[in-house]
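Enquirer: Read top to bottom, the protein sequences are chains A, B, C and D.
Numbering-wise, full-length UniProt numbering puts 5 at position 5 of the first sequence, and it's gapless, one number per residue.
Numbering-wise, full-length UniProt numbering puts 124 at position 124 of the second sequence, and it's gapless, one number per residue.
Numbering-wise, full-length UniProt numbering puts 15 at position 15 of the third sequence, and it's gapless, one number per residue.
Numbering-wise, full-length UniProt numbering puts 26 at position 26 of the fourth sequence, and it's gapless, one number per residue.
In short, the hints are calculated from the structure, not lab data.
Note that CB positions come from ideal geometry on N, CA and C, so glycine has one too.
Just so you know, not all the hints are guaranteed correct.
Stated by the list, open to error - Label-pair restraints from in silico Cβ distances: (1) A/Thr136 to D/Pro11: 41 to 51 Å; (2) A/Arg142 to B/Glu138: 20 to 30 Å; (3) C/Asp163 to B/Gln4: 57 to 67 Å; (4) A/Gln4 to B/Glu138: 32 to 42 Å.
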Amino acid sequence: MTVQVCTDADEAVAGISDGSTVLVGGFGMAGMPVELIDALIRQGASDLTVVSNNAGNGDTGLAALLAKGRVRRVVCSFPRQSDSWVFDRLYREGRIQLEVVPQGTLAERMRAAGAGIGAFFCPTGVGTPLAEGKETREIDGRTYVLEYPIKGDVALIGAHTADRMGNLVYRKTARNFGPVMATAATTVVAQVRDIVETGALDPETVVTPSIYVDRIVRTEVAV
Amino acid sequence: MTVQVCTDADEAVAGISDGSTVLVGGFGMAGMPVELIDALIRQGASDLTVVSNNAGNGDTGLAALLAKGRVRRVVCSFPRQSDSWVFDRLYREGRIQLEVVPQGTLAERMRAAGAGIGAFFCPTGVGTPLAEGKETREIDGRTYVLEYPIKGDVALIGAHTADRMGNLVYRKTARNFGPVMATAATTVVAQVRDIVETGALDPETVVTPSIYVDRIVRTEVAV
Amino acid sequence: MNPTDSLVENPGRGPLGKDEMAAIVARDIPHGSYVNLGIGQPTRVADHLPDGSGVVLHTENGLLNMGPAAKPDEVDPDLTNAGKIPVTELPGAAYFHHADSFAMMRGGHLDVCVLGAFQVSATGDLANWHTGAPDAIPAVGGAMDLAIGAKKVFVMMSLFAKDGSPKLVRECGYPLTGLGCVDRVYTDLATFRLGPEGATVLETFGIGYDDLAARLDVPLAPANGAPR
Amino acid sequence: MNPTDSLVENPGRGPLGKDEMAAIVARDIPHGSYVNLGIGQPTRVADHLPDGSGVVLHTENGLLNMGPAAKPDEVDPDLTNAGKIPVTELPGAAYFHHADSFAMMRGGHLDVCVLGAFQVSATGDLANWHTGAPDAIPAVGGAMDLAIGAKKVFVMMSLFAKDGSPKLVRECGYPLTGLGCVDRVYTDLATFRLGPEGATVLETFGIGYDDLAARLDVPLAPANGAPR
Numbered sequence: 001m002t003v004q005v006c007t008d009a010d011e012a013v014a015g016i017s018d019g020s021t022v023l024v025g026g027f028g029m030a031g032m033p034v035e036l037i038d039a040l041i042r043q044g045a046s047d048l049t050v051v052s053n054n055a056g057n058g059d060t061g062l063a064a065l066l067a068k069g070r071v072r073r074v075v076c077s078f079p080r081q082s083d084s085w086v087f088d089r090l091y092r093e094g095r096i097q098l099e100v101v102p103q104g105t106l107a108e109r110m111r112a113a114g115a116g117i118g119a120f121f122c123p124t125g126v127g128t129p130l131a132e133g134k135e136t137r138e139i140d141g142r143t144y145v146l147e148y149p150i151k152g153d154v155a156l157i158g159a160h161t162a163d164r165m166g167n168l169v170y171r172k173t174a175r176n177f178g179p180v181m182a183t184a185a186t187t188v189v190a191q192v193r194d195i196v197e198t199g200a201l202d203p204e205t206v207v208t209p210s211i212y213v214d215r216i217v218r219t220e221v222a223v
Numbered sequence: 001m002t003v004q005v006c007t008d009a010d011e012a013v014a015g016i017s018d019g020s021t022v023l024v025g026g027f028g029m030a031g032m033p034v035e036l037i038d039a040l041i042r043q044g045a046s047d048l049t050v051v052s053n054n055a056g057n058g059d060t061g062l063a064a065l066l067a068k069g070r071v072r073r074v075v076c077s078f079p080r081q082s083d084s085w086v087f088d089r090l091y092r093e094g095r096i097q098l099e100v101v102p103q104g105t106l107a108e109r110m111r112a113a114g115a116g117i118g119a120f121f122c123p124t125g126v127g128t129p130l131a132e133g134k135e136t137r138e139i140d141g142r143t144y145v146l147e148y149p150i151k152g153d154v155a156l157i158g159a160h161t162a163d164r165m166g167n168l169v170y171r172k173t174a175r176n177f178g179p180v181m182a183t184a185a186t187t188v189v190a191q192v193r194d195i196v197e198t199g200a201l202d203p204e205t206v207v208t209p210s211i212y213v214d215r216i217v218r219t220e221v222a223v
Numbered sequence: 001m002n003p004t005d006s007l008v009e010n011p012g013r014g015p016l017g018k019d020e021m022a023a024i025v026a027r028d029i030p031h032g033s034y035v036n037l038g039i040g041q042p043t044r045v046a047d048h049l050p051d052g053s054g055v056v057l058h059t060e061n062g063l064l065n066m067g068p069a070a071k072p073d074e075v076d077p078d079l080t081n082a083g084k085i086p087v088t089e090l091p092g093a094a095y096f097h098h099a100d101s102f103a104m105m106r107g108g109h110l111d112v113c114v115l116g117a118f119q120v121s122a123t124g125d126l127a128n129w130h131t132g133a134p135d136a137i138p139a140v141g142g143a144m145d146l147a148i149g150a151k152k153v154f155v156m157m158s159l160f161a162k163d164g165s166p167k168l169v170r171e172c173g174y175p176l177t178g179l180g181c182v183d184r185v186y187t188d189l190a191t192f193r194l195g196p197e198g199a200t201v202l203e204t205f206g207i208g209y210d211d212l213a214a215r216l217d218v219p220l221a222p223a224n225g226a227p228r
Numbered sequence: 001m002n003p004t005d006s007l008v009e010n011p012g013r014g015p016l017g018k019d020e021m022a023a024i025v026a027r028d029i030p031h032g033s034y035v036n037l038g039i040g041q042p043t044r045v046a047d048h049l050p051d052g053s054g055v056v057l058h059t060e061n062g063l064l065n066m067g068p069a070a071k072p073d074e075v076d077p078d079l080t081n082a083g084k085i086p087v088t089e090l091p092g093a094a095y096f097h098h099a100d101s102f103a104m105m106r107g108g109h110l111d112v113c114v115l116g117a118f119q120v121s122a123t124g125d126l127a128n129w130h131t132g133a134p135d136a137i138p139a140v141g142g143a144m145d146l147a148i149g150a151k152k153v154f155v156m157m158s159l160f161a162k163d164g165s166p167k168l169v170r171e172c173g174y175p176l177t178g179l180g181c182v183d184r185v186y187t188d189l190a191t192f193r194l195g196p197e198g199a200t201v202l203e204t205f206g207i208g209y210d211d212l213a214a215r216l217d218v219p220l221a222p223a224n225g226a227p228r
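The shape of chain A in the complex, shown without the other chains (with noise of 0.2 Å):
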């Protein structure tokens, strides 16, 4: 359906319930739809499963949310870093939920829900703790483990451009977890840089069609 062109992140995240899960893209700030995430914090869903590569840096952002206490669970590949400080008090005060799951099986049980995919078998984790208690299978001399899809009733996600129509582009290694995240949530939000008319995109170089996107807002963001 028509994409909707937002004025602000306030109105980009509108009507998100308490319990979603939401899908959060970009990889340390590469990507980070960073004012989207302060309009949900605003906006005051909670109770939410949260589903992103890491689990919030310093103090701001998924960071903020989740000191907050709007996060009842995380789902992510590395929440453990340097400064993430604000998720590691909350997991050690058993506020919150974990689960870790390997980077790649993450983005691809994504894909998978955004595919129509039920499930698949992954060679990655096999053997590890990771994979404990998961069903597994030989194929062909290999052993795999059943991966299941990840949906998102929401995804919140930074491009770099988006024409009218709700096309997106990215830039470099912000791509990331955007395009992935796009086709797996319910409603998907894209934070962009820059809106152009609808026909200024070189077809060919479309990463997120506008089939994947409900709302585009224009942010203020250096670079």
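Go by the hints and put chains B, C and D onto chain A.
Expert: Relative to the frame of chain A, chains B, C and D by itself:
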């Protein structure tokens, strides 16, 4: 490993063994690696399994390869077309094996081969003759059929432009199966309309990164 | 869409022509939908989408925002639809490869898919890829992917085969394309909504409901305005 | 690579420094390889690749043909490596998203991956993501994907932990990252080839083979020039 820039199509297909599984790109004529197929005919490999969307049109290209009796088995989604008389005759005479695969499942099975996925549960074809004898499973209320990867020994694809490292870009709907097949074969051979210096392609727009490409050859094609 | 969702009977006119059927399908596609039109008759639906419909066409060979068929001077061998007919692109188009294109389809991102059919069962089973003739060469293309992928699957077909047998049936006799996947059937004589309980008649053309029901052997009910 | 693939002992020198280890790993990467260098010490390998090595670096956050770390005036927040350090791109680079990047890894397309480790077993099991300490917060990142993905997995580590215990062991005591996935181990005291039968010593530094064997408790053999 470093891409081989070939002087002609014959060099590009050298060494293909009898009994190989050959993935052949293209959808109709768009993206069809006609010169590589012609070279494969001259090269002489036989007892081939060909994986392609169609099973040859008219008397040239894939149809000519079939007519020479070089193909034991075809894996495709749509063999029967108004001008697929070569395949039709071989099939009715019992001289060629056929595995029909839904088009999206064909693409996804090659994607799985390229992505290290051992098998995947796919909703396509459930309850139809094409799922007969296949393992099924209900996941989250929906029934899926288990599908396995299709891996090629060789992929022959058509792209628009390569740089001298082997990065590829495609043009319009001629992209089709090329990028997927490039991930799914041991040796990937691309015919392109132009070869440019390394650095001349925008890294944001590369569709098939050089890692997937083993041999490139410039062929003279209209457009 | 039939605005009241109560049965509308049009017995005082002839059956729908192919273009009229296409126009009615086009009318029922919501504004801004992402739509795949199957090969053949469904392609005609594009000609009946009003200006400003906001409908974006997908072709499974790797393009969103496909434009009309190419005029002779616009033909580009690198740009075709799934039927291998030269087409054009519209502003806001995007190209992608086959795995991404069918991921889009299979993942349920398209709003509507319009397909032809040999037979449809009253509970939405679809048979449109194979006549089951023993000497037929099987060829499925994207039919099975399309059948199970879109949020809504519309079928366009004549209600009766040339031999007079109905194509809306209790159970498909032809090999299936998909199970319980069809939401609506648009025919020359009537349009139907399908569901687990059977077929609901939304509108008739050149025939009344009772005559229609007498010619079909499926669980059938008139639309009664209840919410869909 | 050790050209004869027979054991070379270098007892008359000290153990390798970190940069010397990196140089030896760099020497063993074949020309034109596609390589992922893990976070931390493996990153140093890039500094020792000779001009014209043709080696193409992959970073799993979505870039092939990554260049050196960015100089202060080159820093771009949109361009980092997997350790979130600002880097640069080289001509012939390509960007892709995370699912494509790990498909590339998992699908076995990278020639070599170089990783650090807490422990490696003589049969190639890898432990490099978790110390197993009860209060540690688990964090795996891409370690498990990298461990099982590349055609060859090289590990760089000191041979002995600070407490003197060997890190090349019969069986890893730390939680595993991958099973039987390590092909080579580069340490300060020796380089090893691993396989189902155990570890083969390729080269020693600051120690002879017999002294080395006496300090390790794993199935061990000297390289004898037999084909690998």
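Enquirer: State for each hint whether it applies.
Expert: Tested hints:
no.	hint	in the structure
1	A/Thr136 to D/Pro11: 41 to 51 Å	holds (45 Å)
2	A/Arg142 to B/Glu138: 20 to 30 Å	holds (26 Å)
3	C/Asp163 to B/Gln4: 57 to 67 Å	holds (59 Å)
4	A/Gln4 to B/Glu138: 32 to 42 Å	holds (36 Å)
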